[in-house]
Every structure is written in C-alpha cells, then in structure tokens.
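As given, the protein sequences belong to chains A and B, one line each in that order.
Offset between the first sequence (1-based) and my numbering: plus 23.
Offset between the second sequence (1-based) and my numbering: plus 23.
Incorrect hints may appear among the rest.
[As the list claims (entries may be wrong)] Pairs of lysine to any residue, SDA-like flavour, derived with a Cα cap of 25 Å: (1) Lys289/A - Val85/B; (2) Lys289/B - Leu89/A; (3) Lys289/A - Ala78/B; (4) Lys289/A - Leu89/B; (5) Lys150/A - Phe412/A; (6) Lys289/B - Val85/A; (7) Lys289/A - Val277/A; (8) Lys150/A - Leu410/A; (9) Lys185/B - Val381/B; (10) Lys151/A - Trp554/A; (11) Lys289/B - Leu90/A; (12) Lys289/A - Met96/B; (13) Lys289/A - Gly82/B; (14) Lys289/B - Val277/B; (15) Lys150/A - Ser417/A; (16) Lys150/A - Arg555/A; (17) Lys289/B - Leu75/A; (18) Lys151/B - Asp218/B.
FYI, nobody ran anything at the bench for these hints, they're computed from the structure.
Quantities reported herein were computed from a predicted structural model and do not represent experimental measurements.
There are 2 protein chains.
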Amino acid sequence: MQGLLDMDSLEILVEVLRRGARAIADASRSCALSRMQMLYMSDHASVVSLNLFAALLCGCIVIGHLLEENRWMNESITSLVIGLCTGVVILLTTGLKSSHLLVFSEDLFFIYLLPPIIFNAGFQVKKKQFFQNFSTIILFGAIGTLISCTVISLGVIQFFKKIGLTSLDIGDYIAIGAIFAATDSVCTLQVLNQDETPLLYSLVFGEGVVNDATSVVLFNAIQNFDLNNINHQTALQFTRNFLYLFFASTMLGVLTGLLCAYIIKKLYFARHSTDREVALMILMSYLSYTMAEMFYLSGILTVFFCGIVMSHYTWHNVTESSRVTTKHVFATLSFIAETFIFLYVGMDALDIEKWRFVSNSPGTSIAVSSVLLALVLVGRAAFVFPLSFLANLSRKSSNETISFRQQVIIWWAGLMRGAVSMALAYNKFTSAGHTHLQDNAIMITSTITVVLFSTMVFGLMTKPLIRLLLPHPKHGSRTMLSGSSSPKLLSHPLLGGERDSDSELVLSDFPRPNSLRALLRTPTSTVHYYWRNFDNAFMRPVFGGRGFVPFVPGSPIRSGYEGQ
Amino acid sequence: MQGLLDMDSLEILVEVLRRGARAIADASRSCALSRMQMLYMSDHASVVSLNLFAALLCGCIVIGHLLEENRWMNESITSLVIGLCTGVVILLTTGLKSSHLLVFSEDLFFIYLLPPIIFNAGFQVKKKQFFQNFSTIILFGAIGTLISCTVISLGVIQFFKKIGLTSLDIGDYIAIGAIFAATDSVCTLQVLNQDETPLLYSLVFGEGVVNDATSVVLFNAIQNFDLNNINHQTALQFTRNFLYLFFASTMLGVLTGLLCAYIIKKLYFARHSTDREVALMILMSYLSYTMAEMFYLSGILTVFFCGIVMSHYTWHNVTESSRVTTKHVFATLSFIAETFIFLYVGMDALDIEKWRFVSNSPGTSIAVSSVLLALVLVGRAAFVFPLSFLANLSRKSSNETISFRQQVIIWWAGLMRGAVSMALAYNKFTSAGHTHLQDNAIMITSTITVVLFSTMVFGLMTKPLIRLLLPHPKHGSRTMLSGSSSPKLLSHPLLGGERDSDSELVLSDFPRPNSLRALLRTPTSTVHYYWRNFDNAFMRPVFGGRGFVPFVPGSPIRSGYEGQ
Chain A
24 MQGLLDMDSL EILVEVLRRG ARAIADASRS CALSRMQMLY MSDHASVVSL
74 NLFAALLCGC IVIGHLLEEN RWMNESITSL VIGLCTGVVI LLTTGLKSSH
124 LLVFSEDLFF IYLLPPIIFN AGFQVKKKQF FQNFSTIILF GAIGTLISCT
174 VISLGVIQFF KKIGLTSLDI GDYIAIGAIF AATDSVCTLQ VLNQDETPLL
224 YSLVFGEGVV NDATSVVLFN AIQNFDLNNI NHQTALQFTR NFLYLFFAST
274 MLGVLTGLLC AYIIKKLYFA RHSTDREVAL MILMSYLSYT MAEMFYLSGI
324 LTVFFCGIVM SHYTWHNVTE SSRVTTKHVF ATLSFIAETF IFLYVGMDAL
374 DIEKWRFVSN SPGTSIAVSS VLLALVLVGR AAFVFPLSFL ANLSRKSSNE
424 TISFRQQVII WWAGLMRGAV SMALAYNKFT SAGHTHLQDN AIMITSTITV
474 VLFSTMVFGL MTKPLIRLLL PHPKHGSRTM LSGSSSPKLL SHPLLGGERD
524 SDSELVLSDF PRPNSLRALL RTPTSTVHYY WRNFDNAFMR PVFGGRGFVP
574 FVPGSPIRSG YEGQ
Chain B
24 MQGLLDMDSL EILVEVLRRG ARAIADASRS CALSRMQMLY MSDHASVVSL
74 NLFAALLCGC IVIGHLLEEN RWMNESITSL VIGLCTGVVI LLTTGLKSSH
124 LLVFSEDLFF IYLLPPIIFN AGFQVKKKQF FQNFSTIILF GAIGTLISCT
174 VISLGVIQFF KKIGLTSLDI GDYIAIGAIF AATDSVCTLQ VLNQDETPLL
224 YSLVFGEGVV NDATSVVLFN AIQNFDLNNI NHQTALQFTR NFLYLFFAST
274 MLGVLTGLLC AYIIKKLYFA RHSTDREVAL MILMSYLSYT MAEMFYLSGI
324 LTVFFCGIVM SHYTWHNVTE SSRVTTKHVF ATLSFIAETF IFLYVGMDAL
374 DIEKWRFVSN SPGTSIAVSS VLLALVLVGR AAFVFPLSFL ANLSRKSSNE
424 TISFRQQVII WWAGLMRGAV SMALAYNKFT SAGHTHLQDN AIMITSTITV
474 VLFSTMVFGL MTKPLIRLLL PHPKHGSRTM LSGSSSPKLL SHPLLGGERD
524 SDSELVLSDF PRPNSLRALL RTPTSTVHYY WRNFDNAFMR PVFGGRGFVP
574 FVPGSPIRSG YEGQ
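Given the sequences, and given the hints that come with them, work out the whole structure.
Below is the structure:
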C-alpha cells in the first residue's frame with residue numbers, strides 16, 4: 024500500500040476525502056450501481072409486469088389444482104378467468120386506460136411459448152396410436168383445413184355485407200377463413216385426454232400439428248407460383264410442395280433427435296452427468312425448432328417429431344435421474360407456457376381501445392361474432408364427417424373405425440380457437456396502415472369474443488360431452504384416475520408400451536419380456552412389424568433406446584444421483 | 024351448406040373461383056400466414072441468432088464434458104474460448120464489421136441469467152457451513168468491498184494520469200474502483216468446489232452474494248443523505264440502511280420460500296402433482312427476485328435466501344419425482360445460464376469498434392489493463408488478510424480458524440472479474456453522451472482484457488493452487504470424485520446434513536436417527552442448537568421439512584410417478 028501512495032497521493036487523498044461522499048454518490052449513481060438505476064428507470068416497469076405475471080401464474084396453478092376435481096373446469100378456463108379478472112382490476116386502477124401489461128407479442132408466443140408445448144406433446148404422445156392413425160391425421164390436417172377455410176370464407180362473404188361490414192375486401196374474407204379454420208392444438212391438449220380417449224386425442228391433436236405445415240406450404244406455394252394461371256399443374260405443385268415441406272420438417276426433427284441420442288450415448292460411456300444431459304436435451308429440442316424456422320420449414324412439425332424421437336431413443340440413454348427430470352421438466356415448461364398463454368389471452372381480451380370502437384355498434388359486433396361462431400361449427404362439420412367416412416373405408420376391423428359418436432367429439436373438440444387465432448387476427452387487423460378502421464376493430468373484438476366463447480363454452484362442454492357419448496368401460500377408469508392430477512401427462516414415452524414404464528423408471532434397462540408380449544398381443548400392422556425389426560436391428564444399437572443401453576454397474580438410482 | 028349459399032352466393036362463388044388463387048395469395052401472405060412473414064422479416068435475424076446460440080451452447084456442453092478430466096480447464100474457460108472463436112469467425116464472415124450477434128444487454132443478464140444461478144447456489148449450498156461463517160461473510164462482503172473499492176480508486180487516481188488518461192474525472196475513478204472491487208460470484212462457482220473446500224466456498228461465494236446488498240445500500244444511502252455534511256451520523260445511517268436492506272431482502276426471500284412451502288404442504292394433502300409443484304417452486308423463486316427488484320431491495324440476496332429456505336422446507340414437502348426434478352432442473356438452468364454468460368462474454372470481447380480506438384495507442388491500453396489487474400490483486404489483498412485476522416480472533420478452536428494458506432486461496436479465488444464487471448463497464452463508459460471518447464474506449468477494452476485475463480489465467484491457476492496449498496486428507500477424495508462430473512452440484516440441500524440424502528432421496532421421509540447422531544457429533548454452536556430446537560418445535564410442523572411430512576400410503580417412488 025505504501026508503494027501506491029507516494030508522491031502526490033496525500034494531496035489527492037485529502038481531496039478525495041473532502042469531496043469523497045459526493046463523488047461516491049455521483050459515481051455510484053452513474054456507474055457501478057447503475058444497474059439498479061437501470062432497473063429503476065427503463066426496466067422497473069418490466070420488472071413489475073414480470074412480477075405480476077409470476078404471481079398470477081402461481082395463482083393459476085394453485086387455483087387450478089384446487090378446482091381440478093370439478094367436472095366442468097379445466098386449467099385453461101381457470102387461467103382465462105383469472106386473466107379476465109386481472110384485466111378488470113388493471114382497467115379500474117389505470118382509470119379505464121389499459122387492461123394489459125404487455126402488448127400481445129407474436130414473438131413471445133411463437134418463439135418462446137409454443138415450442139415447449141408442442142415438444143412436450145411429441146415427447147409424451149402415445150407413438151403407436153399416433154402412427155396407426157397417421158393417414159387420417161394427414162387427411163384432417165391438410166384437406167380438412169382447406170375445406171374448413173373455404174366454407175368459412177364463403178360464409179363470411181355471404182353474411183358480412185348484410186351485417187354492414189363493407190370495408191373488407193376479398194383478401195380479408197379469405198384471411199378470416201384461414202384464421203378460423205385452424206384448430207388450436209394448445210386448447211385441444213387441455214380438453215382431450217390421451218389416456219381416456221387415445222384415438223380422439225391423436226386425431227385432433229395430430230390435426231393441429233399437421234395444420235401448421237399446411238399453412239407454411241400455402242405461404243411458400245403462393246410466393247413461388249404464378250397464380251394467375253391456375254391449372255391442374257398448380258395443384259400438383261402444391262401437393263409436391265406440401266410433401267416436400269412435410270418430409271423436410273419431419274426429417275429435420277428426426278435427425279436432431281437422433282443426433283442428440285447419439286451424442287448422449289457416446290458421452291454416457293465416459294461418465295454420467297445428469298445436468299449436462301438435461302441441458303443438452305432441452306437445447307437440442309429448441310435448436311430443432313429454431314433451425315426449422317430458419318430454413319422456412321414448419322417448426323411445429325419439426326419439434327413435434329424431435330420430441331417423438333427423443334422419447335424413443337434419447338430418453339433411454341440418459342441416467343435414471345435425467346429420465347425423471349426430463350419427463351417432468353418438459354411437462355412443467357409446457358404447463359407454464361400453456362397457463363401463461365391463457366392468462367395472457369384473458370388479460371388481453373379487455374383491450375379498451377378496440378372495445379370503444381365497437382360500443383358505437385354493439386349489434387354489429389354481436390352479429391359478426393355469432394356468424395363466425397356458426398361458420399366455425401359448420402366449417403368443421405363440413406370436413407370431419409366426410410373425411411371420417413373416407414378414413415373408415417381404409418380401416419379393416421370394425422373396432423378400428425371411427426364411430427359416429429367419436430366423430431361428433433372430434434368435431435366438437437376441435438372447435439376451440441385460442442391464442443393462435445388471436446395472434447393472427449392482431450397481425451392482420453392491426454397493421455400500421457389501418458388500425459383505426461371501425462371494421463378492423465370489430466374484427467379484433469369479434470375474434471376475442473369467438474376465442475373466449477369457444478374456449479369457455481365449448482371447452483366447458485367437452486368433458487361432459489365425452490362422458491355422455493362415450494360411457495364405455497375404458498372411461499370407467501376415469502374416476503379412479505381422478506385422484507391424480509392431469510392424467511394426460513401420466514403417459515410414458517414408450518413405443519408400443521402398455522404403460523409398464525412406471526416400474527421401468529425404477530428398474531434397470533434390461534429388455535423386458537413385457538414388450539415382447541405386448542408386441543404379440545396387440546394387432547400390429549405390417550408396417551409396424553417391419554419397423555420394429557428395423558428399429559431393433561439397426562437403429563437401437565446405434566442410437567440407444569429401451570433395452571439397448573449397456574448396463575452400468577451400481578443400481579440405476581444410485582448412479583443417477585451420483586453422476587449429476 | 025345449401026342454406027349458406029343462397030341468393031348472391033353463386034355469383035360470388037364464381038368470382039371467388041376466378042380470382043381465387045390470387046386472393047388466397049394476398050390473404051395468406053398478409054394475414055393467416057403472416058406469422059411466417061413476420062418471422063421472415065423482423066424476426067428471422069433473431070431466430071438465426073437464437074439458433075446459433077443454442078448450437079453453441081450444445082457445443083460448449085459437449086466439449087466441456089469431454090475436457091472435464093483436464094486438470095486445468097473448467098467449463099467457464101471452455102465457454103469463453105468457444106465464444107472467442109465464434110467471435111473471430113463472425114468477424115471474418117462479416118468482413119471485420121461485427122463480432123457479436125446481440126448487443127450486450129444488462130436486462131438479459133440481470134433479469135434472466137443471474138437469478139437462476141444465484142437461486143441454485145442457495146438451493147445447493149451447505150447451509151450449516153454457510154451459517155457458521157455468517158459473520159465472516161458479512162465482514163468480507165460489506166467492509167471488504169469498501170476497502171477494495173477505496174484501494175482501487177486511489178491507485179487509479181495515482182496511475183492513470185501518468186499513463187495519459189486525462190479525460191476521466193474523480194467520479195469515473197471511483198466508478199472504476201466500484202466496478203473492479205466486486206467479486207464475481209458466478210466465476211467463483213466455477214473454480215471453488217463446495218465439497219472439496221467447503222469453508223473457502225462459503226466465504227468467497229457468500230461474500231459475492233453480500234456484495235450486492237452493499238451496492239444497493241450505497242446507492243440508496245447516496246440518494247437519501249445530504250452528503251455535503253459528512254459526520255459520524257452519516258456513517259451510522261449508512262450502517263442502519265445496510266442492516267435494513269440486508270434484513271428486508273433476506274426476510275423477503277425467507278417469507279417467499281416459507282409461503283411456497285406452506286402452499287405445497289397444504290396442497291399435498293389433497294393429491295400429488297409433480298408438474299404443479301415444480302412449476303410453483305420455479306415461479307415462486309423467480310417471484311422473490313422480481314419482488315426484491317420491484318421494492319428496490321437486493322434481488323440476489325433475496326433469491327439466495329429463498330433458495331436456502333426452499334431446500335430446507337419446500338423441497339421436503341414435494342413428491343419423490345419433484346425432488347429429483349427440482350434438484351436437477353435448478354442445477355441445469357443455472358448451468359445453462361452460466362455457460363451462456365461466458366459464451367457471450369467471449370463473443371462480445373472482440374467488439375471491433377472499441378478495439379479500433381485502442382489500436383492508435385496500444386501502449387496505453389496495455390498499461391491501463393496492467394494497472395487495473397495489479398490494483399485488483401492489491402485491493403483484494405488489502406482486505407482479505409486483515410479481515411481474516413479479525414475473523415480468526417472470534418473463532419474459538421484452532422481448527423476453525425482460517426489458516427494463512429486458506430487466506431491465500433480466498434484472496435486468489437475472488438480475483439476473477441466476469442460478466443458483472445463487463446455489464447457495469449459498458450453501462451458506465453458507453454452512455455449516450457460520450458461513447459466515442461478515446462479514454463472511454465480504452466476503459467472498455469481494458470475491462471474486457473481484465474475479465475478475459477482474470478477468468479482465464481487466475482481461473483486456470485486456481486485448481487493447481489488449491490492442490491498445492493491444501494493437500495490435506497479431505498482433498499484426497501478428489502480423485503475418487505473426479506469420475507462424476509461437477510461435484511459441486513452433488514451436495515444435497517439439507518441443513519446440518521452429513522450427506523445422507525443420497526439414500527434419503529430414495530427412502531421415505533421418516534425422521535432418521537442419522538440426523539440426531541450428526542447433531543450430537545458435530546460441534547454445534549449454541550445458536551445452532553437453539554435454532555434446531557425452534558425449527559423442530561415450530562417451523563417444521565407448519566412448513567414441512569425433513570421428517571415432518573406425513574407419510575403417504577404407497578412407496579414414495581410409486582406415488583411420485585403416479586401423481587405427476
């Protein structure tokens with residue numbers, strides 16, 4: 024210290040001490056502690072809204088848990104209602120100026136909230152059920168969405184002029200068709216239960232996933248083709264592009280999943296490391312989504328198939344604690360994202376600016392909302408029943424066909440419109456050019472009405488409807504299961520698994536006679552049989568998977584906790 | 024359908040079919056699919072950088088895993104080097120224009136990356152060790168930081184004028200002192216190992232946590248006091264404010280943790296739900312951080328104590344799978360955030376704009392960096408050794424005192440400066456007014472140099488230094504442990520636990536004789552003894568905790584997997 028303080032230092036020291044505190048004040052305020060200042064100024068508002076959101080999410084979780092036994096409610100409705108109530112409170116406290124804390128952000132939705140939900144759906148999906156119904160899912164997702172879009176567009180053209188919305192052009196009409204044609208896969212997850220109604224779940228949810236590819240194909244097709252000369256060539260190119268996009272997105276997801284499985288299998292031999300494995304699985308699944316978006320593919324399809332591959336291979340290569348952790352962490356992230364979306368939609372519904380426009384013509388708004396709801400009902404009916412008939416033609420045994428009652432549920436469960444519709448409507452009708460047109464404001468408020476009404480009313484009715492239409496023995500287990508929460512997430516990611524994974528999670532990874540029995544017992548299709556052979560002979564030895572991970576000395580549980 | 028298509032509909036239908044495709048093109052492009060468009064336009068860049076970041080993080084994880092057995096490297100250095108290499112590649116591909124993908128964002132750092140790291144540290148900290156050294160930690164964090172700040176400020180005043188940096192005023196000098204006085208707790212986590220050197224870990228890391236409160240207190244104090252009249256009253260008020268802030272932040276964290284424990288304990292009686300429990304723990308810990316920031320308290324202290332309380336009470340109230348999941352998910356999130364920070368600092372280090380200024384006077388830059396590094400070394404020595412002497416006076420038995428060799432390691436391990444220093448330097452020296460001043464550019468590049476040098480050189484030397492200075496028997500276990508990865512995260516969140524939690528995780532929650540034995544065997548202080556009694560008599564029955572969670576029929580593992 025002496026060495027540093029020679030020469031002029033004493034004078035300077037005196038100077039410092041005299042002006043000391045003031046200087047420290049300036050310095051601290053402007054520099055070292057300016058992160059606090061920063062938080063005070065520009066970021067304090069965002070900290071406050073983050074805080075409110077975190078608190079509301081906690082509230083939604085607790086209240087959702089308490090209301091779970093309720094036969095009508097589901098988590099999404101709870102979140103919507105809490106969001107609405109918060110919106111009212113904010114409206115009142117801000118003096119009817121604003122009801123939301125954040126502007127509805129499509130970025131937030133498509134880049135951060137949607138991927139974990141879709142990935143988790145792929146990770147937890149019953150793969151056998153999904154692939155057995157693959158052709159029907161494609162039929163619904165590709166052809167069905169087009170039919171529904173056409174019906175809604177035509178209906179809107181028909182009725183909107185009569186109601187008095189004249190400023191919309193034909194582009195807007197078809198846009199409305201496209202907005203309301205797509206099933207919201209996030210809502211579907213909330214009302215259909217994979218364990219209770221596996222067939223319906225895979226059909227309706229699968230349709231929602233394939234939907235997305237249809238949209239991207241439409242967009243790309245429209246970009247590339249000269250659409251003034253429409254002929255059968257165009258349709259062919261359209262189909263070809265759909266197939267290209269579908270396979271490219273799927274392959275990207277599959278390859279990412281396989282790469283992750285391979286990396287973890289190779290690293291696994293050296294030492295266990297739960298944290299790294301979990302981090303790698305989270306990051307690589309997210310990577311698949313961003314890669315797909317980067318290459319203009321369908322991120323939803325990609326991340327869904329990545330989830331399927333990860334649950335089939337990667338999940339079996341990791342330590343015992345990684346398995347438990349990933350299973351729950353993906354479910355938890357998806358759960359938080361879903362809750363966040365519904366909370367957000369609820370809060371955003373009371374956007375006072377738009378409702379002010381509408382208050383001049385409440386009749387019009389009600390008429391528009393009613394027409395849209397009716398068209399959604401009709402548009403979905405227009406493809407579910409004919410396409411189910413087509414699908415039934417290709418199904419061999421009678422217990423594989425989709426019964427009329429099941430068709431009704433497929434129709435009903437896909438009626439909900441959610442955050443995706445909101446995001447698209449905002450994007451279309453609040454663009455810079457004509458935000459303040461009355462017709463656009465009416466379209467926004469009508470979309471909000473349709474979303475709220477369909478989620479709350481159709482959503483509330485789905486559980487009772489299923490109970491009414493499908494009181495078959497399988498359904499009896501529901502009362503047993505109701506003790507545990509959200510049974511949809513109970514399923515374990517095993518191909519052809521008869522839910523024997525409860526024990527498998529605890530026991531080691533040796534091949535189990537069960538899977539063989541299950542294979543022989545279930546009516547497997549030929550494709551499935553050959554796939555199993557190929558999987559066992561080539562895929563699993565390379566990428567790991569159930570029964571193909573070498574046994575590591577020490578009980579799996581201990582090794583799981585040791586290697587973190 | 025017929026009903027919808029009467030009247031003018033046929034004409035309209037013809038119109039639609041004629042103009043159909045073009046209209047669909049417009050509509051799709053402008054509306055339903057505009058999310059794609061959106062991703063194409065404004066967001067494609069952000070998708071690309073997200074993608075690159077995810078890929079780089081995966082790379083860091085894999086390479087870090089492979090290099091783990093290396094006796095010199097640690098994860099932070101690997102990430103820094105990968106970030107630097109990527110920066111070089113980006114520099115070359117963009118034609119020497121830019122080296123980073125995102126501008127260094129303090130928001131990102133303080134709102135999203137720091138909380139999970141600090142929370143996890145609190146969640147995994149050895150509580151007994153931490154509380155036994157509590158007074159020493161406060162001494163280092165509060166008094167030590169002030170001493171170090173003073174020494175560095177004085178040194179900078181002394182030397183910078185000679186080097187030729189004349190445009191800086193006294194405020195800047197003291198700012199530099201504040202920037203370089205604070206130990207980077209994130210770096211500390213990387214080099215000190217909780218299991219190998221528990222005393223050193225709790226001292227140095229605890230200092231880093233308490234640091235933050237010191238800063239906030241300084242800021243608040245300076246805001247409120249009239250600093251022209253400095254007297255002993257001011258010092259008293261200063262101390263009072265520090266104590267207020269320290270206790271307020273701590274209490275907020277403790278209360279949030281207890282609330283979470285209480286909620287989960289109450290809900291637990293109804294049914295298990297792993298996903299909700301995990302979501303609630305994640306959200307409430309984050310809530311504690313945002314609440315602290317909202318109330319202008321120290322978020323770092325709050326979230327740290329929230330982590331401690333959660334591991335002591337909440338963690339014992341949840342299902343078996345929630346325990347495994349939370350333990351690993353917090354560690355994983357913290358791990359990803361740490362890797363992200365170092366990767367980012369590495370990429371940001373090559374910010375070409377600043378280096379251009381410096382290239383005119385390379386000598387000055389080198390001199391400034393050297394002076395800063397020397398002052399960091401001296402400033403830390405100036406408080407570690409005297410304060411350790413003070414701390415040793417209050418320690419009774421000789422094996423509790425901090426030996427000279429340990430003091431050297433405390434001094435050395437706290438020398439690293441990391442992302443916090445970078446963030447503060449950017450904030451201070453790139454503010455709108457004078458971004459292009461040469462002296463400011465030199466300060467930025469010197470900070471980068473100090474950060475890189477201290478992290479890489481001091482970081483690399485820490486492991487060998489510890490091996491050299493502390494070859495005591497406890498250290499012999501290191502070779503045994505090195506088979507498992509990052510042993511720092513092995514520790515289990517148990518108060519006074521003798522690491523019996525490996526088995527406890529698997530067995531049920533009955534009170535175990537072990538904990539009693541441990542209590543009698545270890546030299547517990549009187550405070551600790553009374554706390555244990557109070558904890559057992561009042562706290563645990565209300566908030567749950569080890570041995571106070573009612574036994575639920577069915578083995579914990581089964582129930583863990585059943586209730587998801």
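Legend entry - Violating hint indices (sorted, rising): The structure breaks none of the hints.
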